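Line by line, the protein sequences give chains A and B.
By UniProt numbering, the letter at position 486 of the first sequence is numbered 486, and the numbering carries on one by one without gaps.
By UniProt numbering, the letter at position 186 of the second sequence is numbered 186, and the numbering carries on one by one without gaps.
Heads up, a few of these hints could be off.
Keeping only pairs whose Cα atoms sit at most 30 Å apart, straight-line, the calculated DSS-like set for lysine-lysine is [what the hints assert, rightly or not]:
no. : chain 1 : residue 1 : chain 2 : residue 2
1   : A       : 381       : B       : 138
2   : B       : 327       : B       : 381
3   : A       : 139       : B       : 327
4   : A       : 35        : B       : 327
5   : A       : 364       : B       : 149
6   : B       : 61        : B       : 327
7   : B       : 122       : B       : 139
8   : A       : 139       : B       : 381
9   : A       : 150       : B       : 327
10  : A       : 418       : A       : 163
The set of hints was computed from the structure by calculation and includes no laboratory data.
Please read all numbers here as calculations on a predicted model, not as lab measurements.
2 protein chains.
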Amino acid sequence: MEESIPNWLMQRAYLTPSRIGLVFREQSWTFAHMKECVFNFAGKLSSLSIAEGMRVGILMKNSPETIWAIHALQQLGAEIVFLNHRLTSEEITFQLEDSEASILIYHSDFNDIAHQIHGDYKGISIYSQVEIEQCTVKKFANVNEFQLKKTCSIMYTSGTTGKPKGVLQTYGNHWWSATGSALNLGLHSDDSWLCAVPLFHISGLSILMRSIIYGMPVYLMEQFDEQKANALLQSGKITIMSVVSAMLNRMLNLLNDEKYHENFRCMLLGGGAARLHQLEQCRDKGIPVFQTYGMTETSSQIVTLSPEDSLLKLGSAGKPLFPSQLKILTETDRNAVAGEAGEIIVKGPNVTQGYINRIEANDKAFVDGWFRTGDIGYVDKEGFLYVLDRRSDLIISGGENIYPAEIEEVILEMDEIKEAGVIGVEDAIWGKVPYAFIVSDRRLEEVDVLNYCRTKLAAYKLPKRVIQIEAIPRNGANKVMRRHLLQFIHE
Amino acid sequence: MEESIPNWLMQRAYLTPSRIGLVFREQSWTFAHMKECVFNFAGKLSSLSIAEGMRVGILMKNSPETIWAIHALQQLGAEIVFLNHRLTSEEITFQLEDSEASILIYHSDFNDIAHQIHGDYKGISIYSQVEIEQCTVKKFANVNEFQLKKTCSIMYTSGTTGKPKGVLQTYGNHWWSATGSALNLGLHSDDSWLCAVPLFHISGLSILMRSIIYGMPVYLMEQFDEQKANALLQSGKITIMSVVSAMLNRMLNLLNDEKYHENFRCMLLGGGAARLHQLEQCRDKGIPVFQTYGMTETSSQIVTLSPEDSLLKLGSAGKPLFPSQLKILTETDRNAVAGEAGEIIVKGPNVTQGYINRIEANDKAFVDGWFRTGDIGYVDKEGFLYVLDRRSDLIISGGENIYPAEIEEVILEMDEIKEAGVIGVEDAIWGKVPYAFIVSDRRLEEVDVLNYCRTKLAAYKLPKRVIQIEAIPRNGANKVMRRHLLQFIHE
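Just chain A, with the same shape it has in the complex (with noise of 0.2 Å):
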């Protein structure tokens, strides 16, 4: 027998009817509250004849109406594709028909590119949160038990080679997330989690399933605000934020020698190594950081430090939570001993069961129920988490994700360009941020280069330099050896 469990919203709903759910700017919701705009929402999906194992791509801002869709996709049972709003139509398009995604569900904003992906996607219908708003509720049956083995949510990512691949993210996936999450922070009456990360990320999505399953307010916001945020961190009203180094560099900087409330008791701090001068400035000014690590596969943290070694260990991920499990794997397989680097694999339930049609990927991703993560640390003596590298060509910039391989793709479709290879380069804002290097028989335009490069990929992929140089650096298997490119930055 598969395990079940009641559908949280209905069931969050009601055993604690009253408390507060959600705070977006003045308002706020119970979560009976919740359920009635979710079940209005739902209802008219229901019109449109979304249904139980659709798939409906959202493509929305964080905002009330985008949580009422989420909750409202999983009373009808259909599995949500999240689509990251940065992204260019032709980026969006791949993953709508790689994941046979048959709606699309977006804001106004968004408009322009939504029509453009319907153009290029024949196989989907779109619909704004206008239209949506405009039809009729129609009766439905919403799902009465959440399957745990049943796929949630999809959302893409981006390997070392190829097209991104779709994440599969199951209710199980979610709900071991949340509660190992919970038994290595505690969960406190007063409990409330700032989520100014997107939605659309596992960071935020899972911001919002924590929520439903602790019975926890959400502070949303629609874009980060290091004013706002600090603001709220000194109110007392939070307990928990989410956030990446680059957002927390921009809150530090504006602080000067406040102080947060007392309340307010951890700082998850994820998203790509955090910078040792960083955390030392949070010890001193008493911020309780957490430092974390965790990606889309992972359904967010699988390893994170506990409240009584944040200090103790700092630079370090911590250890993993209750249900899950860390290993470190040397070049030859080997299990590394203390202190060793290699790459980090990992296993638990909150780990993806796989990608959407991906029978390869997923063979090369998994050995025997272990994970790979092609990120490379070393565990300590007292099996604490070092990451010294995200997946070697893995950029993250400002908290998102940025693949190489996908760059250097599209400066490949320029006829005249013939090698290219992208890095990451340190960068005070981001953290990191793609440079470009070509080769060329002609004297080529960096801007050329960039307008090219603008119609394919969201603008945050953007190389910020595109260097030409005389030829790629390779190795014996004619492997680029990006790290071989950083010579080239001040030649």
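Fit chain B to the supplied structure of chain A, relying on the hints for placement.
The following block gives chain B in isolation, referenced to the frame of chain A:
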């Protein structure tokens, strides 16, 4: 793929080695130290050839060694048959034979009874704690991951008819119970749970499981002592305590006008219906009592009041834990409306998968994945459960379950007795105590009946009174109308 998570004790000792896990008398153990003790014990058990899949009975007291034994058997993958040491050797022998246990571990205080069992059931090998301590530690391969569907423990419970049945409790049952409780009560870094209930009952074992899963100390008492319990609750060291009504009574009587420490946040009151007077008394004294409803088959609590409702809904057992569900069935198997009484049926991943080798009982107990508790209650408009009556014939006496059928069966073994009926009668100290009614052609002495029962029944099951009457009242279907027996008490 079956869900599995890392071996709990191993993971806990890895994640938070230096946290205190157990306090007993003046001594305390960190989780790292506990792991050492457990592995030492497991090594000794291994020398007795205890291995994966075997069933091992334990007849032990509340003591650290019992905790080592429980965890050690989990390390070896053995299934633990928990034995109530207040039972007679005949009762225990039945449980060991029925569960096909091949080994019995016992405390030296139960030496005589263990040897009687060994005499009656040749299939069992018996070892005292002292004998085990003297064994040489043998290397063993400990279980790396706990399969959630695998049986962890077996506890016997009686029904309305027939012999006691072995309730199978899986690792998953315990896990979901522990996490469901944390989602309701919260989880604080300073939490510690006072265990003054027997470890061989689910109320005690579940505290042990929570301790390992939460990383929280258990304060273990060999026997309940109201004076020591009050002192601990006043010391600030304890935040949660599990009690039954009779224990709470004794604590309140001794407490007078004193107060518990403000750290103490939850008196979890289970094991039979609470008396409103007692709840009001606690409310007036500011003691945070949360009524709860559960049983061996639900691996402890399944319905519990939440902190925010504890004062508003005095007398209610609350709402289901997040992963669980509750319904009331009328006599015609219709879903009851709000306020309408009927049988309480429950569902959830903490509910047992069934009784050992009891096809018929399992068929009767489970309907479409729901478990029929046999208890009577109603749910109010807001979804709060009020338990009216435990299985109409169940007598809960000082937290122990007593089944009239069991006592009747013994009494009817006496040749002179033609009919027998047993009911529970209100008792100021124990909540309820059994009264027996007998029918015979000649006048029988109460003491003779009791002397016979004493050889067959645990002391706490002995009828407080044996009353001879003309005839047992029966309905048209010849079923004993137990309620009608009450009238004979004062005749």
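>> Could you work out which of the previously given hints the structure breaks and list their numbers from low to high?
In response: As far as the earlier hints go, only 6 is violated by this structure.
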